[in-house]
Amino acid sequence: MENAPHILVESLSVSVGSTPIVSDISFALPRGQVLALIGESGSGKSTTALALMGWCRHGGRIASGTIRVGGMAIDRKSEDELAALRGRYISYIAQSAAAAFNPSRRIMAQVIEPALIHRIMTRQQAEAKAVDLFRALALPDAETIGDRYPHQVSGGQLQRLMAAMALITDPELVILDEPTTALDVTTQVEVLKCFKTALASVDHGRGATAIYVSHDLAVVAQMADRIAVLHKGRLVEEGPAEQILRAPQDAYTQSLVNAPRPVPAAPSAADAAPVLSVQGLTAGYGKVTDGQPAIPVLRDISFDLPAGGTLGIIGESGSGKSTLARVIAGLLPAAQGQVLLDGAPLPPTLEARSLDQFRAVQLVFQNADTALNPAHSVRRILARPLRHYHGLRGAAADRRVAELLDLTRLPADVIDRPVTKLSGGQKQRVNLARALAAEPRILLCDEVTSALDTVVGAAILSLIEDLRRDLGLATVFISHDIHAVASLCEKVLVLYGGTPVELASREAFNGPEHHPYTRLLLDSLPTMDPSWLGATPAPIHRGEKQAGLCPFLPRCDVAIAGICDHQPAPPKTGDGMRWLCHRGPIKHDKESA
Amino acid sequence: MKQFASLWAKAPAANRIAAAFVGFWLLLALAGPWLAPHPVGAFVDEDVFSGLSARFWLGSDYLGRDVLSRLLYGTRYTVVLGLGAALLASLCGTSIALAASLCGGRVDEVISRLMDTLISIPSKILALVLVAACGSSLPLLLLICALTYVPGNFRIARALAMNLAALDFVAAARARGEGKWAIAWHEVLPNMVHPLLADLGLRFVFVVLLLSGLSFLGLGVQPPYADLGSLVRENISGLTEGAPAILAPALAIALLTVGTNLLIDAMKPEGQ
Chain A
1 MENAPHILVE SLSVSVGSTP IVSDISFALP RGQVLALIGE SGSGKSTTAL ALMGWCRHGG
61 RIASGTIRVG GMAIDRKSED ELAALRGRYI SYIAQSAAAA FNPSRRIMAQ VIEPALIHRI
121 MTRQQAEAKA VDLFRALALP DAETIGDRYP HQVSGGQLQR LMAAMALITD PELVILDEPT
181 TALDVTTQVE VLKCFKTALA SVDHGRGATA IYVSHDLAVV AQMADRIAVL HKGRLVEEGP
241 AEQILRAPQD AYTQSLVNAP RPVPAAPSAA DAAPVLSVQG LTAGYGKVTD GQPAIPVLRD
301 ISFDLPAGGT LGIIGESGSG KSTLARVIAG LLPAAQGQVL LDGAPLPPTL EARSLDQFRA
361 VQLVFQNADT ALNPAHSVRR ILARPLRHYH GLRGAAADRR VAELLDLTRL PADVIDRPVT
421 KLSGGQKQRV NLARALAAEP RILLCDEVTS ALDTVVGAAI LSLIEDLRRD LGLATVFISH
481 DIHAVASLCE KVLVLYGGTP VELASREAFN GPEHHPYTRL LLDSLPTMDP SWLGATPAPI
541 HRGEKQAGLC PFLPRCDVAI AGICDHQPAP PKTGDGMRWL CHRGPIKHDK ESA
Chain B
1 MKQFASLWAK APAANRIAAA FVGFWLLLAL AGPWLAPHPV GAFVDEDVFS GLSARFWLGS
61 DYLGRDVLSR LLYGTRYTVV LGLGAALLAS LCGTSIALAA SLCGGRVDEV ISRLMDTLIS
121 IPSKILALVL VAACGSSLPL LLLICALTYV PGNFRIARAL AMNLAALDFV AAARARGEGK
181 WAIAWHEVLP NMVHPLLADL GLRFVFVVLL LSGLSFLGLG VQPPYADLGS LVRENISGLT
241 EGAPAILAPA LAIALLTVGT NLLIDAMKPE GQ
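Protein chains in written order, with the UniProt record's numbering: chain A, 1 to 593; chain B, 1 to 272.
Just chain A, same shape as in the assembly:
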């Protein structure tokens, strides 16, 4: 029995109606190992993972194949029998814990629910076990965290609490569906470390059997014993993680392993007069008193952007990246400081801006699903700014719409389609085309690739880069993708909690010296090396940040006692960089970290 595979899937096919979603998937997994299912969105990885629970989305059904989990024939179970299995023998960790927790019940009640529903423990036993799991997952205040409500803990903690919920019944199989995709890189390191130790401790130290669904090969490299690569609903390659990462056989896997890095951008005309200049900008929400908003989001931001130049803005979620774009676009008036367009101040509010000022600054929203009106067709969306800014109508507008579609490499026949019928990449192109329709001077790109697959996102980025070069657009890239920013942008601004901690030229940013926070961000990027996770120290947190002192102090591992906790961090300049720290730039050197 020990030698028989714990999980066995043979020629599995799932279809909706007569359309196959995945077909002919086969793999086997011994007890205590982790199998990663990797692929783009739409490759069928989640569908395959859910089929292991006997579950199909969107009216799909398991058309054929056998599924065995620990000797149970999942494909032959009735709906009632499956309900008795789910949460007991097979558990599931979803991408968004925030959406999976009930906001109006305490965390403990929800974590122990699987154990109570399946009547395998008393409430006291379950709660004791939950606290043990909280400890194993390195959650702070393990005894009392269960008394809180989901909104009272951070996103990374909630994701770990969800893992506790999944592990409380000692399941035969744990399915993790993109569990860290929605997290910041720094939080991802923490959560991955906890998942790894917690999974290994399950089943009396033999380790849990798990299916890990992800699109990120570097993350998978840290977690998986075996990797299965899916592409367009088919299994292209399956094998031990080492072999897939080092010597992939299939051409598609090879393209994933050697993922295309964006080509470094061509430099813009140096010393050109800045087209966009931000000076001493402070902004936030709530009532403004003495130039300080009630809830400050951005503090003292300054930068210049020459015509045709590119500026990258990076930072964790909540660092004020998107707020900065909103202030420049006029959606949120600044409390202090100003934004200059060609040397002339832009009015802080929308009402006071002229049509030409609106036209010059165009914001491309992060999420094309919500940024495009679902009631409109592509033609209507693109024709609106043409008429609004340039007074184009009728045939002239139609011609320009066709040009814009061509410019953004969209097929001409999408023109009369409602936006709801477009793919994610197409929507983002329409989103971009709408901004280009204005013929702007400055393009503000707010996380334009975060909702897209790597391959599609890379295509959008190279498109923006081409347009920048051809049209001479000054571009602001707001992104969490540090690799892309580092290669595309001539200048990189690093925000931490709304404070600019580093502003570096591309050469300096790609160099070894950085602000401690930038170094933390760079160190948190997973690599394909399976030993990376073990070698990366867990991020530290101590105390709360204090007004007047360096905002990064609570998380800084090189803080100087007696200085950093007494005086505000001084701004320093040198060698293509400006940074905010008591120390000189810290060498970014992995081995010594």
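Pairs of lysine-lysine, DSS-like flavour, derived with a Cα cap of 25 Å:
| hint | chain 1 | residue 1 | chain 2 | residue 2 |
| --- | --- | --- | --- | --- |
| 1 | A | 129 | A | 196 |
| 2 | A | 421 | B | 10 |
| 3 | A | 287 | B | 180 |
| 4 | A | 545 | A | 572 |
| 5 | A | 287 | A | 545 |
In short, the hints are calculated from the structure, not lab data.
Treat the numbers as computed from the prediction; the structure is a model and nothing was measured.
Position chain B against the provided structure of chain A, taking the given hints into account.
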């Protein structure tokens, strides 16, 4: 016309049935009085609550009048008053709601509290006062019914508009420099149409009920004319014997409202 024909050919069976229903009722409302075999107020049968017969297709009512003729006349009142008032209420309510949600702040506050005031006035008492002051007339009835249902529609439309106004495509339009009304018309309204139509269908049913209530108090459609609701009400004593005089108008109301709601459901926007 050709376009309409091709649309008709493409539409699913359910939509065609719904459209046929509504078309049928509109036709009756238009041509009813010419189709009626007897005058609306004439006592033509010696018997009351008589059953179906060749002379009186739908029998006779509690006074011995021809039910079919009264139904044909009544349809006009119900369709015109009911749909008219419901449309008017939705139009006013939605316009005010769009203004409130886009202006926001104090304007929204004042409008919302005014609507709360309006909703707290009992509709029948208001109708009584207005009819007593101005005398019963069809335009006044239309206005009363519309006024009664404006706040309800306002509440729903405002909630929809508030949610839509927080979405990125509205922010994108604002960042583009669009005016308030352009945003309301181009961005917000197209996404509200379907739920508002569903609301319209419900309001229509409520107006029919309000009208029959008013008629019962002698404030509504004046005898010898009667709307469908009043027909049910005046023949209520025939309920125990299952007279067609009460079943026919009740069935007519049901078919009219079901038809309207079917059509509204059939108009679901593409891709949603």
